[in-house]
Amino acid sequence: MINFNGKILDESDQLSNNRGFLYGDAVFETLKIVNNKILFWEDHYFRLMSSMRIIRLDIPETYTPEFLKENIIKIHQKKSLTGNSRVRITVFRYSSGKYRPESNTSSFIISSEEVRESNYILNNGDYKVDLFKDFYLDNQLISSIKSNNKIINVVASIYSNENGLENCILLNKNKMVVEFINSNIFAVNQGKIYTPKLSSGCLNGVMRKNLINILRLNSFEVFEEDISTFDLTKSDEIFGTNIIQGLFSVTNYRNKYYSNSISLKILNLLNNHINLS
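For what it's worth, my numbering labels the leading residue of the sequence shown as 8, then goes sequentially.
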């Protein structure tokens, strides 16, 4: 039995003994389904498998791309009337034990919610951001995966809300730019595109990877390198990318205002790529 908010209840293995809940012992993927098709499914699948290997989760032979895709589409079709969804698949270690699990068996949970838009649309109005400096990200391999350990992102989200911001820029222990709370970060300077390298500690984003490829195919110069906070003030544009929003453009960072003409052009390239694939 457990005490839940003052009430004695029968213990539920789905919550009180779930290692994803107790220790953050889980990895996940957030997917976007458009017209009943999972965007960049292969990239999501291989990143999920890589994340499972990094945290030493057993990968069952049944976890093929076809098997997981079938299960994702199954819940999507139950929930979506438009053919468009935001889906999260969480894979957790299904085992007893404390910090040391008794096995590395995995289980998964898939949840889905409907979204309206098929194409990505650039945000309207002010989009103000600032630095979050209460806590810093580690720049190591485990920071590049989507694990259930996202407390810094949660606290940064609360901070941004308390300070009238749309988002915050997260830094690593070297005080270099890593990413936004919920997305990878890009800066535009004199037509060239810059984004933090993976060794900064940023998420190895599926949208980040694909957008870099799209940009290079369309003759943009893209540089993956260390970016300082001062570099952001010298930039002409700043934008973020993730699989759900696609791309959003920053209007204000500190006392600087940013344009979005190149961001809009890039978003159009992204939509064209998706519509043709």
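Hints are not guaranteed to be accurate.
[As the list claims (entries may be wrong)] For each label pair, taking beta carbons as the anchor points, the in silico distance ranges come out as:
1. D17 to N225: 51 to 61 Å
2. T240 to K204: 30 to 40 Å
3. K81 to D243: 19 to 29 Å
4. D65 to S268: 44 to 54 Å
5. S57 to E169: 13 to 23 Å
6. N282 to D17: 49 to 59 Å
7. K182 to Y264: 40 to 50 Å
8. K204 to F53: 36 to 46 Å
[As the list claims (entries may be wrong)] Pairs of lysine-lysine, PhoX-like flavour, derived with a Cα cap of 20 Å:
9. K81 to K44
10. K199 to K272
11. K85 to K44
12. K204 to K182
13. K180 to K199
14. K204 to K263
15. K44 to K135
16. K140 to K157
17. K86 to K44
18. K182 to K241
19. K180 to K216
20. K76 to K44
21. K140 to K182
22. K241 to K216
23. K105 to K135
24. K86 to K76
25. K216 to K272
26. K180 to K140
In short, the hints are calculated from the structure, not lab data.
We treat Cβ as the ideally placed atom computed from N, Cα and C, and that holds for glycine.
Here's how the hints hold up against the structure:
Checked against the hint of 51 to 61 Å, the pair D17 and N225 passes, with Cβ atoms roughly 58 Å apart. For T240 and K204, the Cβ-Cβ distance of about 20 Å falls outside the hinted range of 30 to 40 Å, so the restraint is violated. Take K81 and D243: their Cβ atoms lie about 45 Å apart, and the range 19 to 29 Å is violated. Between D65 and S268 the beta carbon distance is about 49 Å. The supplied range of 44 to 54 Å therefore holds.
A beta carbon spacing of about 35 Å between S57 and E169 contradicts the range 13 to 23 Å that was offered as a hint. Between N282 and D17 the CB atoms are about 51 Å apart, so this pair conforms to the stated range of 49 to 59 Å. Range check, K182 to Y264: Cβ separation about 24 Å, and the 40 to 50 Å hint is violated. Judged by the Cβ atoms, the range 36 to 46 Å given for K204 and F53 is violated: they are separated by roughly 20 Å.
Only pairs whose Cα atoms come within 20 Å are accepted, and K81 paired with K44 is accepted, the gap being roughly 12 Å. The hinted pair formed by K199 and K272 meets the criterion: a straight-line CA distance of about 13 Å does not exceed 20 Å. Among the hinted pairs, K85 with K44 is consistent with the structure: their alpha-carbon atoms are about 15 Å apart, no more than 20 Å. Between K204 and K182 the alpha-carbon distance is near 14 Å, which keeps this suggested pair within the 20 Å criterion.
Taking the CA atoms of K180 and K199, the gap is near 26 Å; set against the 20 Å cutoff, the hint is violated. A threshold of 20 Å between alpha carbons decides the hint, and for K204 with K263 the separation of about 24 Å lies outside it, so the pair is violated. For the hint linking K44 to K135, the alpha-carbon distance of about 33 Å lies beyond 20 Å, and the restraint is violated. Distance check on the hinted pair: K140 and K157 sit about 16 Å apart at the alpha-carbon level, within 20 Å; holds.
Restraint check: the Cα-Cα separation between K86 and K44 comes to about 14 Å, which is no more than 20 Å; the hinted pair holds. A threshold of 20 Å between alpha carbons decides the hint, and for K182 with K241 the separation of about 17 Å falls inside it, so the pair holds. Only pairs whose Cα atoms come within 20 Å are accepted, and K180 paired with K216 is rejected, the gap being roughly 24 Å. Between K76 and K44, the direct Cα distance comes to roughly 10 Å. Compliance with the 20 Å bound is thereby established for this hinted pair.
A threshold of 20 Å between alpha carbons decides the hint, and for K140 with K182 the separation of about 9 Å falls inside it, so the pair holds. For the proposed pair K241 and K216, the alpha carbon gap of about 24 Å is over 20 Å, so the pair is violated. A threshold of 20 Å between alpha carbons decides the hint, and for K105 with K135 the separation of about 42 Å lies outside it, so the pair is violated. Pair hint K86 plus K76 holds up; C-alpha atoms about 16 Å apart against a cutoff of 20 Å.
About 18 Å separates the Cα atoms of K216 and K272, which keeps this hinted pair within 20 Å; it holds. The straight-line distance between the Cα atoms of K180 and K140 is roughly 10 Å, inside the 20 Å bound, and the hint therefore holds.
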